Amino acid sequence: MEWDWDFVWQIMPTLLEGFKITILATVLGAMVAGILGLAIALARRSSIAALSRSVGFFAEFIRGTPLLVQLYFIFYVLPDIGIRLAPLVAGVIGIGLHYATYTAEVYRAGIENVPRGQWEAAKAANLTERQTWIHVILPQAIPPMIPALANYFIAMFKETPLLSAITVLELMNQAKSIANSNYRYIEPMTLVGVFFLVISLISVIGLRCLEERYARLDD
Amino acid sequence: MSVWSGYLSLILQGALVTIELTFMGSALALVVAFIAGLARLSRFFAVRALATAYIEFFRGTSIFVQLFWVYFVLPFAGLTLTPLQAGVLALGLNVGAYGAEVVRGAVKAIGREQTEACIALNLSRFQRMRYIILPQALPLMLPTFCNNAIELLKGTAVVSLISLTDMTFQAQVVRAQTGDTLIPFTTILLLYFLMAWAISTGMRWLEHRMTRGLDGVRV
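From first to last, the protein sequence lines are chains A and B. In terms of my numbering, the first sequence is numbered consecutively and its last residue is 219. In terms of my numbering, the second sequence is numbered consecutively and its last residue is 219.
Be aware that a few hints might be false.
Stated by the list, open to error - Computed footprint of chain A on chain B, listed as stretches where at least three residues anywhere in the stretch have a Cβ under 8 Å from a Cβ of chain A: (1) 63–76; (2) 153–165; (3) 179–191.
What the hints assert, rightly or not - Among chain A residues calculated to face chain B with C-beta under 8 Å, some are: (4) P66; (5) L67; (6) F73; (7) V77; (8) K158; (9) M172; (10) I186; (11) L197; (12) S200.
To be verified - With the Cβ distance kept under 8 Å, some of the chain B side facing chain A (calculated, not the full set): (13) E56; (14) F57; (15) G60; (16) I150; (17) T168; (18) R175; (19) A196; (20) W197.
Simulated from the structure, these hints should not be mistaken for lab results. All values reported here derive from a predicted model rather than from experimental measurement. Using N, Cα and C, we set each Cβ at its ideal position, and we do this for glycine too.
Let the hints inform the model, and build the full structure from the sequences given.
Okay, here's the thing in structure tokens:
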């Protein structure tokens with residue numbers, strides 16, 4: 001079968017329609033992952049052993065199991081216990097939760113990277129807990145985290161095609177339905193690959209800039 | 001009860017497929033990682049460029065997109081693969097691209113003085129790599145390889161979408177036949193977690209073995 005440019009232009013609007021949903025899912029997922037990750041990181045630092053242990057195990061469990069199965073779990077199991085979610089909402093929660101366990105590690109490393117002396121100096125200067133976090137710890141902890149967080153958000157963007165398995169009409173799903181109704185796989189599947197590759201390559205360049213701007217976490 | 005044992009054996013059959021995929025995928029990924037990783041350090045520009053293109057391509061798109069491309073588009077190019085072959089190929093090449101960066105990083109992390117000492121001792125390039133650099137670089141790679149292997153295990157769930165009867169696929173079969181969602185999905189989540197745990201335990205043991213006798217040598 002030959003590559004057909006006419007067919008490419010014909011399916012482009014549908015693919016772009018799906019691409020919008022892909023972007024939407026990525027942005028919403030990144031927000032969930034960003035906030036939930038911080039919550040997990042703070043819970044793991046908690047002095048209540050029961051809380052930090054159970055959150056730690058939960059995060060470990062999420063990281064050791066496939067995102068696809070977690071999405072199925074949210075999409076199929078939760079309705080049985082009375083929580084009915086729209087596919088996109090279920091997808092955003094699933095992908096956000098999965099990546100929150102990764103971003104939590106970034107937050108943890110970032111906070112731990114702030115030297116002990118800073119905490120002690122804050123205490124010596126008689127700052128309150130709140131002041132210590134807002135004026136001393138976070139301003140030093142956050143900049144090195146930014147490239148690492150961005151890295152996970154790019155990874156998350158690449159995983160969004162999995163949402164098609166729970167009937168979210170994003171890029172991959174649109175491509176699949178085009179392919180199935182026309183029985184032409186080459187153009188839609190290749191275009192999906194190209195879309196993702198182009199965006200990823202651009203974001204990798206952006207990431208390099210971020211890394212240069214803010215020092216890397218592991219250095 | 002006997003019905004459930006029937007369904008459980010179905011899931012366990014799927015678990016075997018998942019394990020098989022993980023092993024074969026990891027083997028391919030390991031080979032590819034070393035070839036591409038060392039190629040990126042080559043003297044020749046063409047070899048370096050080829051390896052870089054491969055790595056960027058496979059890291060720029062997700063395993064899902066690659067798998068669909070391999071399974072649905074390659075047949076039009078005259079290369080028809082069974083779902084298992086497509087799965088192993090896509091998983092191996094995808095994770096291999098990540099592994100290649102690990103190999104490159106570990107080899108570059110070995111100090112220059114080692115290379116200079118090899119030159120002073122008149123070792124050939126092959127001897128330098130085989131006897132001096134790689135034995136020191138290997139222990140550095142293992143922890144990240146462990147993470148990559150777990151990522152590969154999680155990636156295997158995606159092959160259920162090209163109708164390979166792995167654990168996730170079988171859980172969907174059980175869901176379709178019984179209408180029950182909680183038991184099949186919880187079972188496979190636990191099994192995946194168990195496998196991830198087995199991989200990290202195995203890798204830790206391997207790391208322990210390989211670094212034996214290196215104490216005091218490594219910085």
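Cross-check of the supplied hints:
Judged by the Cβ-Cβ criterion of 8 Å, the region 63–76 of chain B is covered by chain A as claimed, because 8 of its residues qualify and three suffice. Counting residues of the region 153–165 of chain B whose CB lies closer than 8 Å to any CB of chain A gives 8, so the stated coverage by that chain holds, three being the minimum. Given as covered by chain A, the region 179–191 of chain B passes the check, having 6 residues with a CB less than 8 Å from a CB of that chain where 3 are the minimum. Taken as an interface hint, A:P66 checks out: its beta carbon lies about 4 Å from the nearest beta carbon of chain B, inside 8 Å.
For A:L67, the shortest C-beta to C-beta distance to chain B is roughly 7 Å, which falls under 8 Å, so the interface hint holds. Given hint, A:F73 at the interface with chain B, holds; its Cβ is 5 Å from that chain's nearest Cβ, closer than 8 Å. At about 5 Å, the closest approach between the beta carbon of A:V77 and any beta carbon in chain B falls short of 8 Å, and the interface hint on this residue holds. A distance limit of 8 Å between C-beta atoms decides the matter here; for A:K158 the minimum to chain B is near 4 Å, and the interface restraint holds.
Among the interface hints, the one on A:M172 holds; its C-beta lies about 7 Å from the nearest C-beta in chain B, closer than the 8 Å criterion. The restraint placing A:I186 at the interface with chain B holds, with a minimum CB-CB distance near 5 Å, inside the 8 Å limit. At a threshold of 8 Å, the smallest CB-CB gap from A:L197 to chain B is about 4 Å, leaving the interface hint in force. Given the 8 Å rule on beta carbons, the hint for A:S200 holds: about 4 Å separates it from the nearest Cβ of chain B.
With its C-beta approaching chain A no nearer than about 7 Å, B:E56 sits inside the 8 Å limit, and its interface hint holds. A least Cβ separation of about 7 Å between B:F57 and chain A falls short of the 8 Å threshold, and the interface hint therefore holds. The interface hint given for B:G60 is met, as the beta carbon of that residue sits about 4 Å from the closest beta carbon of chain A, less than 8 Å. Against a cut-off of 8 Å between C-beta atoms, the interface hint on B:I150 holds, since the closest Cβ of chain A lies about 7 Å away.
Residue-level restraint check for B:T168 holds (minimum Cβ-Cβ distance to chain A is 6 Å; threshold 8 Å). At a threshold of 8 Å, the smallest CB-CB gap from B:R175 to chain A is about 6 Å, leaving the interface hint in force. A cut of 8 Å between beta carbons decides the hint on B:A196: the least distance to chain A is about 4 Å, and the hint holds. Interface restraint check for B:W197: the shortest CB-CB distance to chain A comes to about 7 Å, inside 8 Å, so the restraint holds.
The structure is consistent with each of the numbered hints, conforming to all of them.
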